[in-house]
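Participant: Order-wise, the sequence lines are chains F and S.
Numbered per numbering that gives the first Met the number 0, the first sequence spans residues 0 to 341.
Numbered per numbering that gives the first Met the number 0, the second sequence spans residues 0 to 320.
Check each hint, because a few of them may be wrong.
Claimed, not checked - Stretches of chain S that chain F covers, calculated by requiring three or more beta carbons in the stretch to come under 8 Å of a beta carbon on chain F:
1. 209–219
2. 303–314
Said to hold, decoys possible - Just a few of them, taken from the derived set where beta-carbon distance is under 10 Å, the chain S residues facing chain F:
3. Gly-222
4. Gly-223
5. Gly-224
6. Gln-227
7. Gly-231
8. His-232
9. Ala-233
10. Arg-235
11. Asn-236
12. Leu-239
No lab work stands behind these hints: they were computed from the structure.
All values reported here derive from a predicted model rather than from experimental measurement.
Just so you know, even glycine gets a beta-carbon here, dropped at the ideal spot from N, CA and C.
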Amino acid sequence: MSVLLRIEDLYVQFGTDEGTVHAVNGLNLELKAGGTVAIVGESGSGKSTAMTALMRLLPRTARVSGHIWFDGQDLLSLSSRQVRRLRGHHISMVFQNPMAYLNPTKTIGQQLMEPLLYHHLATPRQAQQQALDFLERVGIASARARFSSYPFEFSGGMLQRVMIAMGLIAGPKLLIADEPTTALDVTVQAEILALLKELQAEHGMGMVLVTHDMAVAAQMADEVYVMYGGMVVEHLPSHELMKGEAHPYLRGLLRSIPRIDGRREKLPFIAGNPVNTVGTLPHGCLFASRCPHRRNQCSERPPLVKLGDRHEVMCWLPYVDMEEDDDGQFGIQSVGAAGTHL
Amino acid sequence: MLKYLVRRVLYIIVAFFIVSLVTFFLMKAAPGSFLQLNQYVGNIAAAATSMGLDNVVAQELAKEYHLNDPWYVQYWYYVWHFITFHMGYSFEFPNTDTVTLIRQTFPLSLGLAFTSIAVAVVLSIAAGTLAAIRENTWMDGTTMFVAMVGTAVPSYVVAVFLMLVFGVWFHLLPVLGYQGPRYFVLPVLSLAIPMIGSMSRYMRNSLMESLHSEYIVTVFAKGGGLWQAAFGHALRNSLLPFVTVVGPHLAALMMGTVFIEQLFGLPGLAHIFTDAASTRDYPLIMDSTLLYSVVIMVMNLIVDLVYSVLDPRIRKFGYTG
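Whenever a hint applies, use it, and build me the whole structure from the sequences.
Facilitator: Take a look at the structure:
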């Protein structure tokens, strides 16, 4: 399979009054045509910023460096006119909160047709027909009547369906889904994810799914990129997620997912705060201050260690045996602040 | 929608009566009378006094207008005559009834007000939009500086300045009287320029806020450009808050016409209105005050209706309050 998207050494910085914000610090990512990758991380980990940089939608104050190869061209070196021809046509984006990302005073139909009209892919009449077809395809009943409704007359789930239809109507090769289900009810989440998967298979497009939900990532993606402090700390195939994870941060994330079955105990969490990306970044490992396995090496930036096929981790631990560390042998207790067992 | 309209019209009628009552009371409470305060009639009265006829004129007036009755009785006479369309005659112009007087002068005042507001709205939308889509450029800066100066200077100062430049220095436009549209240019500009000042700043900020909304990101993500984002999406939404500030301007505009008509010698109602107030010309005060209040209320109703045209949420869900 050919590579559809390759992000190389992406850096994004913002100059603010408090200092430079290091939002993305050397992101590398690869997506095969028709494949799905998930980017996972806490808020502030730079995942959405990286995708916004890909869409070239960052404010002008952002300093972006690196390469984003899409279809043989570097998105970061294109003129804004060339980028406009790609956006909404070859690369589409679905946003987190559809209520905010749709114009409240224009009808669903008007907004749905716009990608076709902006790119001169259809006459207004054809665009209307395609929009109606797409509304039906994404599961909106009585599409013709809904066509002239306004966003405030829709539920959140319905609006996200509209957003997805809007993303797909021009037939993109790449879809960026930025937390597409975060703002939705749990039952609706599953429907939307299923719909995304179906449509992806139908259209054979590649998808980058940004989420903070491990279950969603595991279910949807072939490969998962775990971001922390603007860096990928671990990249692994999603089937490795529950057994082969190596980075202490990813372990912490996986353990802090509440379970319905099993004994009820206090939910483990990762003590401490996410790394502050304002000003100078820590010299060493960005996670060190919260890491239960911290040791002396960690004051230097860890290398990217290859653990297997499509599995790398940015950590010193593979160089020492991690298992013997679990009881806090190095004087750092593997216990969260509230005394929970990690 | 119809229910809303009916309710609003009922409000206007109620407000109308309250305004008439308050005006009547204040008018009566004000010291002085027509005979003392009107110089021309005052001279006659003085002459009459010297001829030993001192109270004849006053008595005639008092009898004709029931001026010796208690004020609430007088008010009742007023209301009754208003309902039966007998508006009475002005003290100042005893040969024309107030309706004719208003009919002769009001169209000019209304035309002046409407032209000014129309010019102000169109120009401030244009200037505000230009400044917003060229945010933080020299164009933005220049437009907003001019707008700030416009806001700070009141209309009668603008009027004098315009008269000086266009009338006295360059002899381009007439500065006095009314004999055709050319005579309207300077008065309209005088009223519009201060409004353009504040309204265009408001328009700029409102449009910029809309342009920074999330749904504008969607427009760009769909492949739209600044043009599509501004004119296809943001402009309409930024007109909503803009329309709300136009409403209060209307009332201020009505007062503005008073100065401007005086300055430019326009034979409008505002002129007559102020004269009537200072000479205690009761019938004329009542009728012109009520007319102004109705015009302002109707204009505010129109503003609210424009609101519903712009916002589908108001259109579909009806109104609250």
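Participant: Does each hint hold? Answer for all of them.
Facilitator: Do the hints match the structure? See the list:
no. : hint    : verdict
1   : 209–219 : holds (count 7)
2   : 303–314 : holds (count 4)
3   : Gly-222 : holds, 3 Å
4   : Gly-223 : holds, 5 Å
5   : Gly-224 : holds, 6 Å
6   : Gln-227 : holds, 6 Å
7   : Gly-231 : holds, 8 Å
8   : His-232 : holds, 5 Å
9   : Ala-233 : holds, 9 Å
10  : Arg-235 : holds, 6 Å
11  : Asn-236 : holds, 5 Å
12  : Leu-239 : holds, 8 Å
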